[in-house]
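S.K.: So the sequences go chain by chain: A and B. As numbered in UniProt numbering, residues 1 to 537 make up the first sequence, in order. As numbered in UniProt numbering, residues 1 to 250 make up the second sequence, in order.
If you are wondering where the hints come from, they were derived from the structure by calculation, not from laboratory data. Only a predicted model underlies this, so the values are computations on that prediction, with no experimental measurement involved. One should not assume that every hint holds.
[Claimed, not checked] Here are the simulated BS3-like cross-link-like pairs (lysine-lysine), alpha carbons at most 27 Å apart as the crow flies:
id	chain 1	residue 1	chain 2	residue 2
1	B	K227	B	K179
2	B	K119	A	K451
3	B	K119	B	K11
4	B	K136	A	K451
5	B	K136	B	K179
6	B	K11	B	K219
Chain by chain, the residues:
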Amino acid sequence: MASGMRIAAGALPLALIVALVGGALAGLLMQGASSAGSTALFDSYLFQVTRFTLWQAALSTLLSVLPALLVARALARHPNFPGRRFILQMFAVPLGLPAIVAAIGILSLYGRAGYLAPVAKALWDWQWPGAYGLSGILIAHVFFNLPMAARLFLAALETVPPHQWRLSAQLGMGSLASFRFVEWPVLRTALPGVAGLVFMLCVTSFTIVLTLGGGPGATTLEVAIYQALRFDFDPQRAVALTAVQLVLTAAALWLLTRFGVSLTGDANLPLSSRRVLFPTGPERGFNAIVIALAVLFVGSPMMTVVAAGLGANLARLAGEDAVHRATATSLGLAFAAASLSVTLSFGLVIARRALELRRGAGKPGLTERLFDNGAMMVLVIPPIVIGAGWFVLLRNFVDVFQIAPIMVVSVNAVMALPFAMRIIRPAYDAASQRHERLCASLGIGGFARLKLIDWPPMRRPALLAFAFAMALSLGDLGVIALFGSDQVQTLPYLLLQRMGSYRTADAAGLALFIGILCLGLMAIAGREKAGANVARE
Amino acid sequence: MLHANETMRPKGAALTLRELAFTYPGGTEMRFDLHVEPSDIVAVMGPSGSGKSTMLNLIAGFEQPSSGRILIDSRDVTRLPPHQRGVSMIFQENNLFAHLTVEQNVGLGRSPSLRLSAKDREDVATAIERVGLAGKGGRLPGSLSGGERQRAALARVLVQQNPVLLLDEPLASLGPALKDEMLDLIEELHRAQRMTILMVTHDPRDARRLAQSLVFIEKGHIVATGKTEELLREGAPEALSHYLGGRSVV
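Throw the hints in and build the complete structure from the sequences for me.
M.R.: As structure tokens, then:
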């Protein structure tokens, strides 16, 4: 393939991203410019919402990251801990679990009508306070971020060279000395990045706050944007909220990139590591308790999703027309979004590599860096903000509820882009690295190269990225919350509606269904990934 | 300069590098002047980072010189894409596409889109047999040993029938016995096709064994050329004997 054509392949996705983000910003700016009374924009409500957004994010970060340090350390110091492999896999599940499903799990465990309430009542005669408000938001955020942070910290600990562990064993370092001289140095390096990532995810958290937050006392910027557009129809206020949200996420992202963090939050963990450590008895006990508590905390909402889901009238749900339609819509939109996402990823990845090859050993130019990080920049701009921008831009011209499918597909595709690229880029670059010279030397090019050389080794990564993007899109309740209507309903949207009308059992049944769909896709992806790793060796 | 092989037949091509200049970003300039007679076998030696592979990459067309010319049988190929230069190249590894069978990999040497005539298929089968891989044409490279993979790459060279063959340390990852077999095989291929061969190697024994001529490169310049035997005997240029550390100066 001519390198010009390959570079053009990346220009198209980039143009689409720019159009998507640019359109949204244009909508917001136009709305902002047309509003004269800008003094009213920054009122006490806005201040309150902003403060709560930062406060809950800070607390969530603290509560996720500190325990995660202990958990990661415990797992690192016990490479043969029973079920360690299973625990690590379980800690990866929240990454693929839709937020709304987790919310159902947390509500049915910690909620006022949850499994814990009668226990508390019986044991201590204590009126269980329920899970709405700040406490529920914190529990959910820790549920998502503690395992992720633990995996990232563990990945950092795995970078400690084996000779350091050997040395520490030989010198007879105890738990504290080893922590101080061996573990803390790497953890300290990883800490700002991991904490920053968790903070950013919590600042932009939408679904959790929407479902578990309550009233103006527990509302974040994203939810306030949604409420301003959907319920109060106050685009002015939505614009003000969005502006603040953009400033916050941009600042967080700026800090994050300074620490050089992977924004997709995945960790490459070897499943077994050979470390010879001799923890003492008390340390053993302490670590076992830490791990057990973490497993209990992360595992129990997953269990209650299943339990509550099975408690629903599944047969009736399965027969419902609305469920059928929502399933079809969800699958169709997710399929389209995943296809688009994978196609765009390939475009960007191919173009970036072509530019890299063309420049040889020089410094990457601006275009190449855009192909590389352009997709990541999308993460600064939360889906709700993009949705809000298009919402106010288009509401004067079209029925915004009619364009729901286009918005959902394009926004979800772009949102999944960083994740898809993380999967596709290394595989493509490695294949290109091996094949480029051979192809040049043998004169293999054009379609023949695509068919014979490029596609076969990319099939697995493409499928993996597709499954991942589809799961992500399937469980997403972002744009659809804004654009959804009776005509266009996805499964998460339907779930939200049932929750809103207090049909809790229905919601639980749907949550189980969505959870199975998403984790099923993730499992396919995981198997493909394992297969790809084996094939590479 | 370098001497021609006495029993020359028409398959090889003369290779000339004329003031070929190249600079890596931030590096110092390399400059190569060389003439190789048709069908000669030339060993290219020199310390790591001296520019041996760079010179081969320039000839193959994987790097573009800042100035100077590359002539193959007096045809200027300096600006041609790699596959139009009449040059085959074998690297230390990654000579095969891991997801294609040996047959397909060899067949790519004949047609880059794998559209093969009956005659092409026959040639491919013959080539595979000649390098000692009979019966392994349907295998994937992953199921072959390192030596077998290099043989498959040589089979592809056979069907390519290019007048120039560049070998960039093709034996570096092989054990002593396999290395001997491969050297035999290269010798045999050379007898059949008489292509001009440039081979990068670190081992003076490989050079003695195979190459009539030797080129010694240091810091991006060719500092010694001549008959292998003469250069490796007493009185080798200082840089070369320093490099060899007295090892093979017999």
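S.K.: All the hints need checking, so say for each whether the structure fits it.
M.R.: Okay, the hints, checked on the actual structure:
1. Straight-line distance between C-alpha atoms of B:K227 and B:K179 comes to about 22 Å, which keeps the hinted pair within the 27 Å bound.
2. Proposed proximity of B:K119 and A:K451 is supported: the alpha carbons are some 24 Å apart, at most 27 Å.
3. Taken as a hint, the B:K119 and B:K11 pair is honoured in the structure, with Cα atoms around 20 Å apart against an allowance of 27 Å.
4. Of the supplied pair hints, the one linking B:K136 and A:K451 holds, its CA atoms being roughly 24 Å apart against a limit of 27 Å.
5. A threshold of 27 Å between alpha carbons decides the hint, and for B:K136 with B:K179 the separation of about 20 Å falls inside it, so the pair holds.
6. Between B:K11 and B:K219 the alpha-carbon distance is near 33 Å, which puts this suggested pair outside the 27 Å criterion.
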